[in-house]
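Top line first, the protein sequences correspond to chains A and B.
Under the working numbering, the letters of the first sequence match residues 2 to 94, in that order.
Under the working numbering, the letters of the second sequence match residues 558 to 1122, in that order.
Keep in mind that a hint or two might mislead.
[Said to hold, decoys possible] Below 27 Å or equal to it, Euclidean Cα-Cα: the simulated DSSO-like pairs (lysine-lysine) are:
no. : chain 1 : residue 1 : chain 2 : residue 2
1   : B       : K1115     : A       : K33
2   : B       : K895      : B       : K926
3   : A       : K60       : A       : K33
4   : B       : K1112     : B       : K926
5   : B       : K631      : B       : K987
6   : B       : K631      : B       : K909
7   : B       : K871      : B       : K909
8   : B       : K909      : A       : K60
9   : B       : K895      : A       : K32
10  : B       : K631      : B       : K895
11  : B       : K895      : B       : K909
12  : B       : K1112     : A       : K60
No lab work stands behind these hints: they were computed from the structure.
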Amino acid sequence: MQHTLRIQLSSVDGAVIRALGLIERRGYSLKKCSVSESDGTGRNMEVSVTSTRSGDLLKRQLERLHDVYHVELIPAAIVNPHQPGVRPITRRI
Amino acid sequence: MNASTNIALELRSGSQILIRALERNGVKQIFGYPGGTIMPVYDALVGSGLKHYLCRHEQGAALAADAYGRVTRKAGVCLATSGPGATNLVTGIANAFMDSVPMVVITGQVPTALQGTDAFQEVDIFGITLPIVKHSYSVRDVADIPRIVNEAFAIAEGGRPGPVLIDLPKDISAGMGVVADASPLPRPEIRLPDSRSLQAASEMLANARRPLIIAGGGIAISDSVDDFRRFAARTGIPVTATLKGLGVMSSDDPVFVGLLGMHGNGAANHAVQNCDVLMVVGARFDDRATGQLAQFAPSARIIHLDIDPAEISKLRKADVAIVSELAPALEGIQPEHKARASWCAQCVGWKKEFAWRYDAPGEGIYAPKLLRDLSRARPEGMTITCDVGQHQMWVAQHCKFNDPLEHISSGGLGTMGYGLPAAIGVKIAKPEATVVCVSGDGSIMMNIQELATLKRYAIDVKILLIDNSALGLVRQWQELFFDGNYSEVDLSDNPDFAAVAEAFGIQSRSIDQAEEVTDAIEWLLNTQGAALLHVTIDPMANVWPLVPPGKPNHKMMKSNPAKAR
Chain A
2 MQHTLRIQLS SVDGAVIRAL GLIERRGYSL KKCSVSESDG TGRNMEVSVT STRSGDLLKR
62 QLERLHDVYH VELIPAAIVN PHQPGVRPIT RRI
Chain B
558 MNASTNIALE LRSGSQILIR ALERNGVKQI FGYPGGTIMP VYDALVGSGL KHYLCRHEQG
618 AALAADAYGR VTRKAGVCLA TSGPGATNLV TGIANAFMDS VPMVVITGQV PTALQGTDAF
678 QEVDIFGITL PIVKHSYSVR DVADIPRIVN EAFAIAEGGR PGPVLIDLPK DISAGMGVVA
738 DASPLPRPEI RLPDSRSLQA ASEMLANARR PLIIAGGGIA ISDSVDDFRR FAARTGIPVT
798 ATLKGLGVMS SDDPVFVGLL GMHGNGAANH AVQNCDVLMV VGARFDDRAT GQLAQFAPSA
858 RIIHLDIDPA EISKLRKADV AIVSELAPAL EGIQPEHKAR ASWCAQCVGW KKEFAWRYDA
918 PGEGIYAPKL LRDLSRARPE GMTITCDVGQ HQMWVAQHCK FNDPLEHISS GGLGTMGYGL
978 PAAIGVKIAK PEATVVCVSG DGSIMMNIQE LATLKRYAID VKILLIDNSA LGLVRQWQEL
1038 FFDGNYSEVD LSDNPDFAAV AEAFGIQSRS IDQAEEVTDA IEWLLNTQGA ALLHVTIDPM
1098 ANVWPLVPPG KPNHKMMKSN PAKAR
């Protein structure tokens, strides 16, 4: 099952590698990853992972890291908005 | 301006600032081993208020700091140089991580300008330890030291404790700066339970026909033993314990059914497989406790209490999750009535049915009885540290503990070599305690050099060395699950351990007959100063019962079926 998470984290040494290391070590396969500087507060990271384990568990494991400020688990409907003929449910509202 | 502020505004080295920051965080004793890049810190140690214990291997220092952290609930501190000094700490750091032990680890590092150049004794210890630390720092500026040290202690000791690494390049520890000291940080606010979960748990327990509690290591870590005992007495719910939960209840308490899991008691394993509501308190469904997870407590709904949200539903889905400090959660769970008498009677019945037997035939020494006798010889206030293997399981099964911190065992990592350095850490933290290290002939050799530490500091640790001339637990598995194909488990050419101890200046005695046990235990416990009792047992002795790999907990083996035929 695929999960996408948005992670806000500190820009100190090791923060990104610590988060990525945790993701793989805890049994989630990294499919997509982007990291960008955010406006002065640290870094934003967005990852897509696949695993038999739950996205919520990964979210809670990432939240334990002291370099991680916030983790958001993106619902699947928003994750794949570009599938032909499929409109994300949340946008109908 | 007062005197302390004046001191704070002097020009000082990074090492002096570090030592002061450690002192301000309450550190009095540290364990370590010097070397090139950490020399500025060792220079600043001289004349400071910190007592440094020189272990004879960095692993010994890390494991001693681990045990010190366990029994004080304050971060144990260890110190080593870069490169091999740092890598030798790794096992100790992992041990603390797996068992949620507060620890602050300080490693020297090559100067900043040389980092990344493969300099002499350079190793990326920050990178190496990423998976086994709660957090880590690489210091870049002398001015950051007070903040980093304060954060390290707050993180190590707060919430679910764990090890924190501070990697300190030599140009920072030797560098000078005018840096103000900083007050230690307050610990994070206590996390309280939410009332809806408490209500749900109370109702689930009130409606349960066969409720059971698993008491885990978190109860000792959070200093909630008394709260737990009150809860157990108030609700009457039978209790089983994980390895690290032993001592939470007195072994003699009628509601306590014993250790669960692979080498657990039959009563505990039957209770857990038959319960309909399982309340797990500060435990994490470790595979050695659950056996085959899919068949673990198959008809039970789960109430899971833990301070760490990431433990909830990690391995077994929780029907009610209470993420909170344990004491207020236990206080807030108020089932309307006590556990049913019929179920409690059933548990007591199992306890009688599966009670340990000590009537082994023969004139040799039967290790379970030896350990029971040790426990009986000093019923109040003896701390036992363990190594890893058969003797560790026998200690868990047959020694009695009045408090979980009387049983110091490497649970998650299973570190052979833990026992002796752990005993050193405990005795330094609790000088008034009787500290016995129960070890095996395999394990003791993993950190035998720490006998020199015992001698140097006249640390009064008693060592009970149970010698079966083999790596016994591996040998047992080869006997049972690898058709008796014994591979690299024979240690029959062991050194004369009593002579080894004497060579280190430690008094020793050897026994191999059951009739010698009482007298020898008396000798061990009443000898002034460190002493080693070497006990030879049957090389083919096994730990029973045993839940075979991949089996549910109630499918325990009680003997070798091949021998029974």
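Hint by hint, here is what the structure shows:
1. K1115(B) / K33(A): Not satisfied, since the Cα-Cα distance of roughly 51 Å exceeds 27 Å.
2. K895(B) / K926(B): Distance of about 36 Å is beyond 27 Å: violated.
3. K60(A) / K33(A): Holds, at roughly 16 Å.
4. K1112(B) / K926(B): holds, 25 Å
5. K631(B) / K987(B): holds, 13 Å
6. K631(B) / K909(B): violated, 40 Å
7. K871(B) / K909(B): Given that 27 Å is the threshold and the Cα spacing comes to 34 Å, the pair is violated.
8. K909(B) / K60(A): Not satisfied, since the Cα-Cα distance of roughly 45 Å exceeds 27 Å.
9. K895(B) / K32(A): violated, 51 Å
10. K631(B) / K895(B): Cα-Cα ~37 Å, so violated.
11. K895(B) / K909(B): Holds: K895(B) and K909(B) sit about 22 Å apart, inside 27 Å.
12. K1112(B) / K60(A): violated, 36 Å
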